[in-house]
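So the sequences go chain by chain: W and U.
Whatever position you read off the first sequence (first residue = 1), add 7 for our numbering.
Whatever position you read off the second sequence (first residue = 1), add 1 for our numbering.
Just so you know, not all the hints are guaranteed correct.
[Unchecked claim] Lysine-lysine pairs mimicking DSS-like chemistry, simulated, CA-CA at most 25 Å apart:
#1 Lys141(W) / Lys228(U)
#2 Lys179(U) / Lys18(U)
#3 Lys246(U) / Lys83(W)
#4 Lys150(U) / Lys125(U)
#5 Lys127(U) / Lys167(U)
#6 Lys228(U) / Lys210(W)
#7 Lys104(U) / Lys79(U)
#8 Lys21(W) / Lys210(W)
#9 Lys167(U) / Lys228(U)
#10 Lys104(U) / Lys126(U)
#11 Lys3(U) / Lys284(W)
#12 Lys83(W) / Lys228(U)
#13 Lys256(W) / Lys37(U)
#14 Lys198(U) / Lys83(W)
#15 Lys104(U) / Lys247(U)
#16 Lys284(W) / Lys37(U)
#17 Lys91(W) / Lys3(U)
#18 Lys104(U) / Lys246(U)
#19 Lys210(W) / Lys3(U)
#20 Lys256(W) / Lys284(W)
#21 Lys99(U) / Lys79(U)
#22 Lys99(U) / Lys228(U)
#23 Lys91(W) / Lys228(U)
#24 Lys284(W) / Lys167(W)
#25 Lys299(W) / Lys97(W)
Just so you know, the hints here were simulated from the structure itself, not pulled from any lab data.
Each chain is listed here by its residues.
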Amino acid sequence: MAELNVNIGKLQLKNPVMTASGTFGYGLEYTDFMDINRLGGIFVKGTTIEHREGNAYPRMAETPSGMLNAVGLQNKGAHYFEKKIYPQIKDYDTHLIVNVSGSSVESYIECAEIIAELDKIPAIELNISCPNVKEGGMAFGVTCQGAAEVVRAVRKVYPKTLIVKLSPNVTDITEIARTVEAEGADAVSLINTILGMVVDVEKRRPVLSTITGGLSGPCVKPVAVRMVWQTYHSVKIPVIGMGGIANWKDAVEFMLAGASAIQIGTYNFIDPAVSLKVIDGINEYCDRHGFKSASELTGAMMA
Amino acid sequence: MKVTENLRLNQNYCLLKLSPETLLPDMLPGQFVEVKVDNATTFLRRPISINYIDRSKNELWLLVQIVGDGTRTMAELKTGDWVNIILPLGNSFTIPEKNAEAKLLLIGGGVGTAPMLYLGDYLKKKGFTPSFLLGARSAMDMLQLDDFKNLGTVYITTEDGSLGEKGYVTQHSILKNKRFDRIYTCGPKPMMVAVAKVAHEASIDCEASLENTMACGIGACLCCVEKTTEGHQCVCTEGPIFNIKKLTWLN
Chain W
8 MAELNVNIGK LQLKNPVMTA SGTFGYGLEY TDFMDINRLG GIFVKGTTIE HREGNAYPRM
68 AETPSGMLNA VGLQNKGAHY FEKKIYPQIK DYDTHLIVNV SGSSVESYIE CAEIIAELDK
128 IPAIELNISC PNVKEGGMAF GVTCQGAAEV VRAVRKVYPK TLIVKLSPNV TDITEIARTV
188 EAEGADAVSL INTILGMVVD VEKRRPVLST ITGGLSGPCV KPVAVRMVWQ TYHSVKIPVI
248 GMGGIANWKD AVEFMLAGAS AIQIGTYNFI DPAVSLKVID GINEYCDRHG FKSASELTGA
308 MMA
Chain U
2 MKVTENLRLN QNYCLLKLSP ETLLPDMLPG QFVEVKVDNA TTFLRRPISI NYIDRSKNEL
62 WLLVQIVGDG TRTMAELKTG DWVNIILPLG NSFTIPEKNA EAKLLLIGGG VGTAPMLYLG
122 DYLKKKGFTP SFLLGARSAM DMLQLDDFKN LGTVYITTED GSLGEKGYVT QHSILKNKRF
182 DRIYTCGPKP MMVAVAKVAH EASIDCEASL ENTMACGIGA CLCCVEKTTE GHQCVCTEGP
242 IFNIKKLTWL N
């Protein structure tokens with residue numbers, strides 16, 4: 008039995024397996040399928056200061072080994088989260104991390120301030136990489152200047168662990184990673200979805216109401232692993248890896264490439280209990296390869 | 002769940018019967034299941050409505066229209082194969098207050114007839130006398146007709162007139178000649194919108210079963226939303242059954 012606990016800055020996780028924002032609701036949706044207390048953490052659905060209805064239907068298109076989505080940050084707003092959802096989830100024995108998004112620097116700040124007041128939320132994941140909203144979101148995450156501006160502003164008002172979720176839709180993800188590190192981010196998580204598009208040839212129309220959407224699932228994994236590896240070698244802060252993880256082997260791959268912890272996203276839709284299997288699989292792998300702790304896997308690829 | 006039988010009803014449809022090792026949980030008419038399909042090209046589970054529950058055999062029936070690689074794989078399942086299924090999901094049709102006199106019409110079109118069989122069976126067991134209005138392209142595409150006839154009066158339309166009245170379900174003479182207290186409907190969206198309009202104009206209470214494209218099935222991904230009077234709602238958890246008053250189809 009290996010030690011599974013890992014640290015992300017000040018945050019101590021019981022194991023490196025967490026669930027990705029937008030794929031796991033508020034955790035409550037999955038309690039019929041698994042004991043969510045076993046997770047290293049849960050990144051809850053993207054939250055904005057205002058109530059958002061999200062984009063029009065259709066919002067989803069299946070692709071080979073994956074899917075496109077264009078949900079557009081549908082959520083009932085930070086105040087609703089604070090009053091109605093937080094009381095229902097705060098006593099779970101796992102780290103609840105809120106994914107914070109906004110349409111302007113001010114709206115990110117306002118949202119982060121509300122979440123900062125919640126005792127049982129030890130961290131936020133700053134979403135500067137959502138490809139499905141017209142204003143904000145990815146606009147901040149694709150330039151160093153935009154990323155610096157929003158991270159600097161939120162860092163001033165948010166004293167707990169600040170994780171910044173990076174977009175893969177950039178020329179060089181390491182530049183953005185270095186920028187957010189310099190502005191005080193405690194960790195980076197990557198990758199958010201890759202901008203994609205599907206056309207219905209019979210109707211000669213785009214499948215999604217927004218035309219383009221974010222690609223996720225096993226099809227994005229090699230891109231994500233590469234970006235995690237590049238980022239690991241570019242920054243000193245921990246890297247949380249995600250993108251198409253469907254089993255323990257994928258998770259170990261991300262860790263060997265440099266991830267300190269991982270998030271499971273789209274595959275929760277296929278197997279709602281996949282994350283627990285991944286925890287067990289990482290443990291077994293460590294035993295089989297003589298690793299005493301899961302944290303030793305980080306960057307242990309021999310190149 | 003283990004496949005107990007997979008009947009190919011015609012070129013486009015199969016009836017998949019499955020049984021778990023344990024007793025099937027309580028399932029309500031209108032609910033659905035998410036089927037994991039193992040093949041090289043599809044990724045997500047396939048949401049399929051509950052066609053019928055045979056309690057005597059502990060069997061779940063799924064009526065599957067073969068439209069793509071996922072449903073084609075389901076059509077190829079053999080007796081004895083194991084299938085991973087999440088169930089039951091979603092809300093259910095509203096069963097009226099005990100009033101055996103209530104005139105209930107269940108309108109199904111194409112594969113949308115599937116949930117009407119279980120609903121009809123459920124209503125009959127509760128003491129109601131349901132009537133069915135079923136629509137298909139042609140007589141060849143009319144499915145499970147004997148099963149429906151065992152549950153109540155069946156009215157039929159086909160687009161080519163090869164069975165019943167010619168035309169769409171909303172053109173059937175029964176809608177003009179008989180008064181119903183409540184309509185339940187499932188089928189292609191244009192058909193359900195047309196049914197909703199008929200029901201609305203005649204002030205008949207009406208519920209529709211939606212089939213928006215879906216990923217998780219449990220309210221986590223927010224992909225399958227329908228625009229309602231209360232904003233975007235997930236078809237998988239807040240539906241698939243919606244009262245037409247809650248939808249924005251009539252505007």
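Please verify whether Lys104(U) and Lys79(U) have alpha carbons no more than 25 Å apart. violated, 40 Å
Given the hint that Lys91(W) pairs with Lys3(U), does the C-alpha gap stay at or below 25 Å? violated, 41 Å
Decide if the proposed pair is consistent with the structure: Lys91(W) and Lys228(U), CA atoms, cutoff 25 Å inclusive. Between Lys91(W) and Lys228(U) the Cα gap is close to 23 Å, so the pair holds against 25 Å.
Hint check: Lys198(U) vs Lys83(W), CA-CA at most 25 Å. Holds or violated? Between Lys198(U) and Lys83(W) the Cα gap is close to 32 Å, so the pair fails against 25 Å, i.e. violated.
Given pair status - Lys246(U), Lys104(U), alpha carbons within 25 Å: holds, 20 Å
If you draw a straight line from the CA of Lys256(W) to the CA of Lys37(U), is it 25 Å or shorter? holds, 21 Å
Mind checking the alpha carbons of Lys284(W) and Lys167(W) for me, to see if they're no more than 25 Å apart? violated, 30 Å
Holds or violated: Lys179(U) to Lys18(U), with C-alpha atoms at most 25 Å apart: violated, 36 Å
With the threshold set at 25 Å, check whether the alpha-carbon distance from Lys246(U) to Lys83(W) stays at or below it. holds, 23 Å
Quickly compare the C-alpha distance for Lys228(U) and Lys210(W) to 25 Å and report which way the hint goes. OK: Lys228(U) and Lys210(W) at ~22 Å, within 25 Å.
Could you grab the alpha-carbon distance between Lys21(W) and Lys210(W) and see if it respects the 25 Å cut-off? violated, 50 Å
Check the hint pairing Lys210(W) with Lys3(U) against an upper bound of 25 Å on the C-alpha distance. Not satisfied, since the Cα-Cα distance of roughly 38 Å exceeds 25 Å.
Hint violations for this structure: numbers 2, 5, 7, 8, 9, 14, 17, 19, 21, 22, 24 and 25, all remaining hints satisfied.
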